[in-house]
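Residue numbers (the numbering used here), protein chains in the order written: chain A, 4 to 983; chain B, 6 to 194.
What follows is a list of derived Cβ distance ranges for each label pair:
hint, chain 1, residue 1, chain 2, residue 2, range
1, A, 768, B, 65, 35 to 45 Å
2, A, 722, B, 112, 28 to 38 Å
3, A, 761, B, 33, 47 to 57 Å
It is worth saying that the hints were derived from the structure and are not from the lab. Bear in mind the structure is a predicted one, so any value in this text is a computation, not a measurement. Idealized CB from N, CA, C, for every residue including glycine.
So you can see what is in the structure, the chains are spelled out below.
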Amino acid sequence: MQGPGRIAPGLLTDAQRPLGFRFDRQLMQGMAGDTLASALLANGRRLVGRSFKYHRPRGIVTAGPEEPCALVDVIGADGREPNHLATTLTLYQGLVAESQNRWPSLGFDVMALNDLIARFLPAGFYYKTFMTPGWAWERLYEPLIRRAAGLGRLDAMVGEQAAPAETVHDHADVLVVGAGVAGLTAAHRLGASGLRVLLVDQDAVLGGGALLDARWTDWRETTCSALIGLGKVRCLPRTTVLGAYGHGVFGALETLAGAEAAGLGGLRERLRIIRARRVIFATGALERLIAFPGNDLPGVMLAGAALGYLRRYGVAVGRQPAFFLNTDQAYEAVFALAAAGIERAGVIDVRSGSLAAQRARALGIDVHEGAVVEAVMGRGGVASVRVANRDGSHRREFEADCLLMSGGYCPTTALASQLGAALKWQQAIAAFTPDLSPTIGRVAGAARGVFGLAAAARNGEAAARVIAAELGHAALAAGLDLALPPDPQATPIGALWEVRARGKAFVDLQNDVTAADVRLAQREGYEHVEHMKRYTTHGMATDQGRIGGLVGSAVLAQARGLALSEVGQPKPRPYSQPVPFAALAGGEVRQHLKPKRRVPLHDWHEAAGAAFVATGLWMRPLVYSQQSGWEAVLREARAVRRSVGITDVSTLGKIDVQGADAAKFLDFIYANTFSTLAVARSRYGIMLREDGMVLDDGTTSRLAHHHFLVTTTTANAAVVLEHMEFHLQAVCPQFDVLLSDVGDQWAQFAIAGPRSREVVAAVVADLDLSSEAFPFMAAGAATIAGVAGRVFRISFSGELAYELAVPGRHGLKVWLAVLEAGRPFGIEPYGLDALNTLRIEKGHVTGAEINGNTSAADLGFQRLPKQQGDFIGRALSQRAGLCAPDRLQLVGVRPLDRARRLRNGAHLVAPKARTTSLGYVTSSTPSVELPGWVGLALLAGGRQRYGERLLASSPIHHESTEIEIVSPHMIDPENVRVRA
Amino acid sequence: MPGKAAGLRLETSASDIIEIAALRGRARDLDRIALGHGVQLPPLGRALVATDHLTLCVRPERWLVLTPPASAGASAAVWQAVCAGLGAVLDLSSGLSALELAGPDAREVLVRSCRIDLDPQAFPVGAACATIMAQVPVTLVALASGVLLLTPASTARHFHQWLVSTSRCLGFVPPSHPDDATVSGDEPS
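Okay, chain A solo, but in the shape it has when bound (with noise of 0.2 Å):
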């Protein structure tokens, strides 16, 4: 036995496998199959934290997730991580924790000052206080409280291997939410009836209830041996359903066990995305607190939770307790622990003559009926309860080391409350219970307020029976015919919320709301209990008041007066429990973060020594230099000029569109007109997006009479795609027209440059390629290098050009076919970089100039959208604030110094006003064909000002350069070079 609370076999201890842990670095021992609270009840270790606000001392209060106080850091390899349940944490060797929110120790904690001036800190108090001066808030106050409230502290998690995660897809007919007696019988059912069957829970264990019952072990053990027996059914324990979203989805957070960790490298959590046809939610029911003067201190927590610290750990949370309770159930905790030889200080019973407590006196246990607590007192722990009659008659007191309470228990109705469930009230147990809608599942056992494990197991088996039915399995396999140990008769339950008495009385545990809370809430407005929730912050911490949000509400209906039933509890959201990020990533993280898009020759050009650029997910060659300045980029752009470049261009969309309207579907898409295009020929269009500003732009071929080839930029593919899918079905549904993407099949390469004619002569077999057989803006299908493939005459460098386009997988072939044919011009390679200044030179526009806030118009191109005929964005493009002279218009720039650089987003402005802005650059290259820098701007009215000064001012480069407007075509205006 490790520790002096061990003091019996715990169902899932191992006492052969003793595990050494530190908490606050004290070193002490647990076991196999404990979690670090039950190692610490164990070892007797009762003060475990400090409380959120007043920074009281608290102690562990549940045996399960729904715990609020009992939250520690761990220390682990990869750092430190706050906020672990103790009450949930798996104990394992070296396992390395400590307390929360203290300072400078758990025993000793300055900020505990704050529970001697609590009067001054009431509910919302910070709202009131902090009002003024206005400034202070966000540099004085609000920082101050951050710094003083929060739990743990967190470690920046940056290690390659700290804590990954997965996401795996679950599908089943039927979801079975929790595997206690109820859900248990049901996923049973329904796998043998063979129907798909996940069943999930929480625990480690599957058992639920029967876990704390000896009298049901038989029963568990056969039935979960059955249910492996059944291929149907998939059991996940340690998975906690997170959130119901609809249409049968479920999130689902499973945390690994050690051993499955270890063989996946480490990975602790997986986040499930469950679809299913049905769901039964068998999650059972939690035991709520009473609101009673010193319900916080440590040893005071749910007979529940003493019963499982028993059962399952084999410990005894307490030597002398004592018992404050109003239902029969409850009173398991009494008899279990009276089994154990543990000695009673007495139980607590607020009603009179019920069955539990006469069975009770039969065991010689001393119980004070029709009594409440008033007051437990003791320093950093329970050393003594006050006891008075309910009508406040009849005060004695009692020493005992611990306090036992248990409210009654809540159905678990948070997962069916986010599927719109309406929550009924239930008079017999004082809970909520909710209302599913049949065609999404069924509500089972406890959690419909059925208590009691053999009525829960039978109520799982009807909800099983229906559900089967409902899916087409109505010959249900016949059960395991075990005996249902019966349900002992109860006394109906004595609804006790809280009991007035001087002295803190605690309705959220972990974010340290009493009632009074509740009531100042309710006195300054804040009735609707939503609007309490948000002004006391009760039920908004990680357990998210489980154990104590209707205990809230029904201080708040006290309050105004209402039943409960009226007042209702707060809607619950998803997630039920705090979720790590690691787990929503899964496993979308570092190389996998988002995809990469690579050309087919990404390898030649890496090869080639490019440095990359990410363009939305496209990887492109920027330059074929590690180097970083202008130099090889010039020498790139350079060769353009003067000789022959190849640029890989197969990041373009390209969109083949087919059928008889083809022609009719472009015109009313683009501003401009393709239906007058010739077969075999080229023509750049715009289009428009509804409210008739620039979408995008390219180049548009006509490959056959109904047959187009549309271009794309590469950052809008998609984007155009869907914008020509929707307007095609549900715009123009009546178009015989056929969209599809083909902007992976083709590798594409431009050929720029005075000799880029002879180049792509020298590999173009059959197409005679003279301006007068091929001329500007030709279009035709030719075999390139021995492929057969497209050329396409056209140029975004303003130099004589041509494209070529061949299947993806030759693109290599046709690609060093053009390098050899060009090696006796000096043929060079270019990337990004290079295109960009040979088009800012030319005046050419991107993404940087179609930036969603340009028109046409804006652009320089108002006179190409059509007169005739409508076409998208046609309408809305005709605003006269559209069309406004003032409007921002592309222009070209020029520092007058030569010397002086450019920067892209520096704002035009005059130099006699400077902190108006006219405009601003939106591209800039150091220029191979002129002197100096070279970029293109967009400024107000800036067609009327060619030949205007102006100084280029970037105040964060503390910069500003004089510079002149000129027309953004900087180099030849006339487009000779291009019909060469």
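Got chain A; can you put chain B on it based on the hints?
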């Protein structure tokens, strides 16, 4: 080059792929013509395997036809002639990459990203669907030998790396992509 590991086999599958899309109201004619040329076009969500080709349908009135590799565009050219006036025929041999994941553990890998129910009861041999996996579009076909996966060529390496990485995490350890020298280096040790 196939690579084998316990419970899992991942192979790249070189195929010519064409897409046949029916023009308005011509799906039945297209179906009949294709059948006359020995190719049965399956209904939506299904795939048919013949000795020399595989056809599948995951978009209404659009079919993919996979055949053994031939010269570039040859298969498309044949079908363009066959389907003239009835539909559009596009060569996607370079646009899509095909992988086959086989073995008893294949499903364990795929459920790490695939939202489609891959249980044999719900996704039997001959079923086909299109979905998103590892953030990229993927078409899945249930074959007797495993699952055929089609993904855009530009994201094929990303998807392959995801399959390899996920398989490694599960202890299946398939070999690296024959075209992908970086797979091993990209993985956490």
